[in-house]
Amino acid sequence: MSRISARFEALAGAGQGALIVFLVAGHPTPDQCAELLRSVADAGADIVELGIPFSDPLADGAVIQAASQRALAEKVTPAQVLEMAAAFRAERDVPLVLMTCYNPIWRFGVEEFARQSAAAGVDGVIVTDLPPEDADDWIAAARGSGLDTIFLLAPTSPAARVKKVVAVATGFVYCVSRMGVTGARDELPPDLADLVGRIRAETAKPVAVGFGVSRPDHVAEVCRLADGAVVGSAVVSLIDREQSSAGLAQMVAGFVSELKEAARGLKAAGPGP
Amino acid sequence: MAAQRRQSETADRTHFGPFGGIFVPETLMAPLTEVAAAYEQAREDPDFQQEMQAYLRDYVGRPTPIYLCRRLTEHCRGAQIYLKREDLCHTGSHKLNNAIGQALLARRMDRKKLMAETGAGQHGVATATVAALFGMACDVYMGEEDIRRQALNVYRMQLLGANVIPVDSGSRTLKDAINEAFRVWMAAAETTYYLFGTAAGPHPYPTMVRNFQSVIGREAREQILAQTGRLPDYLVACVGGGSNAIGLFHPFLQDDVRMIGVEAAGRGLATGQHAASLAAGSEGVLHGARSKVLQTPEGQIRTTHSVAAGLDYPGVGPEHAYLQSAGRAEYVAATDAEALAALDALSRLEGIMPALESAHAVAYAMELARELPPETVVLVNLSGRGDKDIGEVQRVMAERDE
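Protein chains in written order, with the working numbering: chain A, 8 to 280; chain B, -17 to 384.
Fair warning: there could be bad hints in the mix.
Said to hold, decoys possible - Label pairs and their calculated CB-CB ranges:
1) L251(B) x E194(A): 47 to 55 Å
2) P279(B) x A97(A): 22 to 30 Å
3) L251(B) x R150(A): 36 to 44 Å
4) E381(B) x R150(A): 28 to 36 Å
5) L251(B) x D100(A): 27 to 35 Å
6) G(-1)(B) x A208(A): 32 to 40 Å
7) F116(B) x D198(A): 26 to 34 Å
8) K82(A) x E353(B): 26 to 34 Å
9) G250(B) x D224(A): 28 to 36 Å
10) K82(A) x L134(B): 50 to 58 Å
If you are wondering where the hints come from, they were derived from the structure by calculation, not from laboratory data.
This structure is a prediction, so every number in the text was calculated from the model and none was measured.
Every residue gets a Cβ at the ideal spot worked out from N, C-alpha and C, and that includes glycine.
Same shape as in the complex, but just chain A (with noise of 0.2 Å):
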């Protein structure tokens, strides 16, 4: 079982939900954005996504926009996202998915980029431009190396799509609570349990809700209807507004163990050990 099926098998027996919190790598620096990455562990966050910053992201809003440009800045390459990846892996066992857009893998070779991956202690990886019906080839490469493959889905997604990508989705289905980018909002969409409803009836694997989940609130009430919440833009924000402070980590980690706190206990418990 991989790193990540097992945490979500263990949350559910607990009755907490998963709390996915997601760093841009390299942001605002490489040097801090290694510290981040086990603060937000150590403060409870059940998995760590870290996006390797892609110049032209279509999904990503203003906030995720700027730290990977930030990133890039800062001349963050996969490769160095690899290294990153893996000397977290040596400090810490949290599951680490990677998200990215599928031009910097395909330029790295997909095999190559699953394999190293995988070498790095990396669990699993999102291509958000990707597709199931271009994605053979990550596939194969993935599931080669033992990654799981984690697809999205969206409001628009038809029932016919929703049992398509549930069928090549492992670890989790990411679930986009709305249309558009990313990005903090002050409300969830009213139609989430419909939606969250819909890919349960194809599938028993986790579902995790994402996109525009804010605040522990937000992330209470996700974890009610679905398996995680994946919170970005909010906790980027506030490594953007807190970069030169040199409590940086700690307020980081504060947020954090709050969102934790909205996952943990709201689920009736469940029959676990």
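Place chain B on chain A using the hints.
Relative to the frame of chain A, chain B by itself:
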């Protein structure tokens, strides 16, 4: 690499050999699928085709003529140079052919609003024009750098009733306008039709735009046969995203005719300041399709340079990447300076001022004609007129003369 080859063996109508496809976030899958399905229906519908033909004739002004450039030919002392006069289309470029087709599709899909990206502003003007024609709202996304270079077209779009929305991310040119337009469309697709301007992007755009632009090649083929009794030896067209080139080339694919796409060599291919994705790029995935792109060794998209805003794009339509890999078309590049010299020559010798984009095709055609015997026929797609560029040409020439 075995795994990377396998994909081409499962190629279907969404691909051109190994190129093309649909590389987009899941949130764009439903809108793209809907456009593709509506287009497939419209394509088979005689009423749709008839209405489009009527607009192309009565509104766009088709057919556009082909014209033998006697003085330019004399000047080059070689092959006969013919122009396909897309500059004579209403709004001043070939862009309106595609805009009419897609606006009719948008109306059929019951969308009340159009959105578009634009580089040189020609596609933005074409979209603003059809929005006015069909009584639709219109938002045009345009990079801030292009807004500066193409002030006249910005004002034209505004006069036509469109909102021009400045894009300040990345290199502030066409690629960033496309990124932003796709991001906005994700959340707006239920009410808004994205009228994509070139034969690039995810399926169905490369196929649909090519089909709407193929009227160029169909007419040109008939016209050159009627006037000269033979097919041309060479077709020459400029390539940014590649819509005017694929529109000219496609109806000649089965013929024994050489096809040459001319990209922007900017300040020279060796300087790295260019936009020649086919001549100097490598395979990659950008804006929803696998094609040739200009990128760093790590797969980041490079910033580009061309004096012609409409060519200033680090990617290219996937069918061109396919035609290049199959050896069916060749792709070369002309520099800023060569394009300006060609603009000057065509203006003075024929009284035709080409768009800076089209001037790249003219530049290469002149070079080619010089090396060919006089019985050879070179047909150049003059994709747009140069009025929009007067300010920029004046500025660049003044800089050069300093």
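Each hint tested on the structure:
Under the hint 47 to 55 Å, the C-beta atoms of L251(B) and E194(A), about 51 Å apart, fit the expected range. For the pair P279(B) and A97(A), the beta carbons lie near 27 Å from each other, so the given range of 22 to 30 Å is met. For L251(B) paired with R150(A), a C-beta distance near 41 Å keeps the hint of 36 to 44 Å intact. One distance hint, 28 to 36 Å for the beta-carbon pair E381(B) and R150(A), is violated here, with the actual separation near 56 Å.
Take L251(B) and D100(A): their Cβ atoms lie about 50 Å apart, and the range 27 to 35 Å is violated. The given range of 32 to 40 Å is respected by G(-1)(B) and A208(A), whose C-beta atoms sit roughly 38 Å from each other. Range check, F116(B) to D198(A): Cβ separation about 32 Å, and the 26 to 34 Å hint holds. For the hinted restraint 26 to 34 Å between K82(A) and E353(B), the CB-CB distance of approximately 45 Å leaves it violated.
Taking 28 to 36 Å as the suggested C-beta distance range, the pair G250(B) and D224(A) does not conform, at roughly 57 Å. The hinted window of 50 to 58 Å between K82(A) and L134(B) is violated, with their beta carbons roughly 39 Å apart.
Hint violations for this structure: numbers 4, 5, 8, 9 and 10, all remaining hints satisfied.
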